[in-house]
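2 protein chains.
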Amino acid sequence: MLIVKKFGGSSVADKDRIFHVAERCAEEYEKGNQVVVVLSAMGKTTDGLLAKAHEIDPNPPKRELDMLLVTGEQVSVSLMAMAFHVLGVPAVSLNASQVAMRTTSAYGSAKLKRIDTERIRNELDSRRIVIITGFQGVNKYDDMTTLGRGGSDTTAVALAAALHADACEIYTDVEGVYTADPRIVPNARKLKEVSYDEMLELASLGAKVLHNRSVEMAKKYGVNLVVLSSLNRAEGTVVKEGAKMERMLISGVAADKNTARISVIGVKNEPGIAFKIFNLLARNHINVDIIIQSVGREDRKDISFTVARTDLQEAMTLLNENQSVTTAREITCEEGVAKVSIIGAGMLSNPGVAAKMFEALYSANVNIKMIATSEIRITVLIDEADANRAVRTVHDAFDLAD
Amino acid sequence: MLIVKKFGGSSVADKDRIFHVAERCAEEYEKGNQVVVVLSAMGKTTDGLLAKAHEIDPNPPKRELDMLLVTGEQVSVSLMAMAFHVLGVPAVSLNASQVAMRTTSAYGSAKLKRIDTERIRNELDSRRIVIITGFQGVNKYDDMTTLGRGGSDTTAVALAAALHADACEIYTDVEGVYTADPRIVPNARKLKEVSYDEMLELASLGAKVLHNRSVEMAKKYGVNLVVLSSLNRAEGTVVKEGAKMERMLISGVAADKNTARISVIGVKNEPGIAFKIFNLLARNHINVDIIIQSVGREDRKDISFTVARTDLQEAMTLLNENQSVTTAREITCEEGVAKVSIIGAGMLSNPGVAAKMFEALYSANVNIKMIATSEIRITVLIDEADANRAVRTVHDAFDLAD
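Order-wise, the sequence lines are chains F and U. With the working numbering applied, the first sequence closes on residue 402, and no number is skipped along the way. With the working numbering applied, the second sequence closes on residue 402, and no number is skipped along the way.
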């Protein structure tokens with residue numbers, strides 16, 4: 001078996017944790033398996049490097065920032081190789097250049113394009129554990145790039161796909177994927193299995209267990225993902241195609257409080273206006289979520305949508321500066337909102353799921369501001385203050401507890 | 001003009017010093033020159049990384065140690081690029097992989113083999129300052145290597161040679177090369193010029209201005225070296241072929257206190273014994289300096305030599321464990337010794353230089369334990385306690401003061 005194991009920054013934050021990870025990987029190796037380990041930078045290293053950069057340059061060139069940040073994972077992998085050396089297990093560390101982890105050129109948010117697996121295969125065939133820097137790559141200019149937040153998950157999945165690994169294990173500080181955030185819903189249940197699509201909806205809706213792009217890539221290449229705890233031996237959650245949903249209607253409830261609503265009011269009712277508005281935002285790297293369009297008065301319409309709260313200021317500035325493009329009469333926004341969603345392949349064949357959710361929210365006296373649905377998800381926008389109560393109410397209504 | 005400028009770790013230790021270096025390089029750039037900057041790791045970074053490694057593994061694999069250490073210079077160069085960005089000067093940082101700084105495979109003490117200058121040339125042609133990681137390279141396996149202590153000087157000279165630079169400026173915390181260590185001889189004089197060979201002898205004899213391998217390489221490729229201060233604008237010392245010695249007999253006096261004497265007494269007087277002894281030490285990476293052999297009694301001879309004090313313990317252990325190889329009857333050593341040397345091309349054509357040095361030492365009541373000479377150097381081994389006095393006395397005798 002070939003297994004890719006990914007550990008985040010907190011799992012390698014100090015000497016003890018590094019040895020803890022090394023011992024766990026050594027066990028796998030000693031069963032006769034081939035082991036690839038993907039690591040993030042230790043603890044708060046990346047934040048420390050960012051602080052150093054900003055001390056010099058409040059607005060550092062992204063290329064140079066990536067050149068700086070990639071040193072973080074290189075420190076992790078070399079120290080991990082030393083820990084394996086102490087344990088007497090042959091191991092070798094490799095950075096993104098050495099495994100030709102090719103990406104696009106978008107510094108800070110590069111996308112993986114291809115991996116040259118020859119070196120890794122050779123090292124594995126020599127019975128070495130291969131430790132690879134997560135989060136980073138090289139572009140066509142041979143310059144260092146980073147994949148953006150959570151990029152190490154993507155590195156691990158991409159390696160698992162390229163190496164046709166038998167499993168890709170993502171070690172986190174939770175035991176797996178739950179029907180809801182256990183801090184909000186104490187009796188939330190851990191899922192044994194979840195499908196890629198459900199995981200994608202969960203990830204994009206605030207269940208921060210896996211990076212979204214890593215799930216997309218796992219789905220595309222059929223990589224068997226396992227989410228499990230780096231702290232204990234509890235069984236994790238398997239993410240795979242056609243995961244049995246244990247005859248559950250829905251697999252989980254998620255809340256996302258990092259959200260804000262923007263309404264562009266009274267735009268001209270002519271073709272291309274929506275495109276122009278969202279293109280303006282996309283060109284400035286602002287992601288837009290739930291979109292609702294309603295017809296207003298006098299051949300004018302209103303368009304509302306949500307953005308990450310951190311993008312709100314920039315989005316408002318952009319929209320206000322481009323009134324000639326948007327043709328809007330007024331632009332309003334609201335910060336104190338949250339998205340609450342239910343996710344589940346089961347709802348496809350079960351009419352009345354939405355009604356059941358809305359009923360639960362009504363009975364809990366939660367006002368719904370916007371609604372958006374996909375094939376396996378229903379999302380409502382509500383007051384942030386109601387979010388936790390809404391999650392608990394909906395979780396109960398669908399009988400998701402242990 | 002194409003100028004390579006090398007700055008050591010203390011010159012980039014913090015934000016202020018980074019900007020100081022950037023401003024100085026920007027001035028050169030604004031004169032219309034092409035500028036390549038070679039940097040070491042910031043301040044005590046390398047020591048910090050070594051400490052991290054040793055916390056995990058008291059005896060880390062050298063390959064992994066190099067993988068760890070090279071991150072230090074990468075941090076320096078990316079931060080320096082940000083400083084240029086703040087100053088509005090186009091600049092780009094490159095690491096050893098990116099400039100294909102090919103070395104031998106000897107981790108921790110790799111030797112440079114060749115540099116691919118295409119990327120550097122392209123960046124210079126685009127009117128960018130190019131900032132390159134010193135001290136490091138990549139071997140034929142694409143693994144990271146380091147060049148050993150002082151390796152950044154060698155990187156700078158190698159780049160100057162490969163790029164046919166007009167000058168290679170080494171910035172240090174002294175103003176240039178002196179006739180003696182100014183801390184010992186307050187009226188020591190700064191040399192305007194010195195030849196490669198003299199610089200080599202000075203460097204190997206404790207004048208820690210330049211790394212020896214960098215001078216050897218400068219000599220081989222005819223690189224014009226300039227040693228100057230990173231702190232002020234004083235004129236430095238030019239190291240070049242056929243430097244005018246200003247009709248000076250000798251160019252300087254150097255002392256090296258990191259030395260110890262070993263005597264291998266009563267070895268068999270047969271061919272190959274000396275080879276066997278020094279081969280034993282060389283295989284264990286112990287450098288041997290002054291060697292003296294004298295005939296003893298009963299067809300036996302004594303061999304004395306000096307080693308770095310840090311190697312003494314290991315050398316003694318090796319020699320004692322291999323008595324069958326050395327055939328020695330006794331092995332003795334002495335720690336409290338120092339080498340004092342005079343260096344100068346002038347002594348080639350001036351008989352009586354040695355006599356003058358010995359006379360000066362005699363008049364100062366300094367006892368000479370061993371003597372060794374090369375074409376441009378005379379070295380004596382004396383008690384360490386006498387070293388500073390000996391340097392001052394000899395400096396006076398040859399009238400080297402300002």
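These aren't lab readings, by the way, just hints derived from the structure by calculation. It should be emphasised that the depicted structure is a prediction, and the values quoted were computed from it without experimental measurement. Be careful, since some hints might not be right.
Identical chains share a label here; the pair holds if one copy fits it or two copies do between them.
[As the list claims (entries may be wrong)] With a cut-off of at most 25 Å between alpha-carbon atoms, the simulated DSS-like pairs for lysine-lysine come out as follows:
| # | residue 1 | residue 2 |
| --- | --- | --- |
| 1 | Lys220 | Lys268 |
| 2 | Lys268 | Lys111 |
| 3 | Lys15 | Lys44 |
| 4 | Lys15 | Lys62 |
Hints, verified against the model:
1. Lys220 <-> Lys268: Classified as neither: same-chain Cα gap 40 Å, cross-chain 75 Å, threshold 25 Å.
2. Lys268 <-> Lys111: neither (37 Å within a copy, 70 Å between copies)
3. Lys15 <-> Lys44: both (14 Å within a copy, 21 Å between copies)
4. Lys15 <-> Lys62: between (31 Å within a copy, 19 Å between copies)
Hints 1 and 2 from the list above are not met by this structure, while the remaining hints are.
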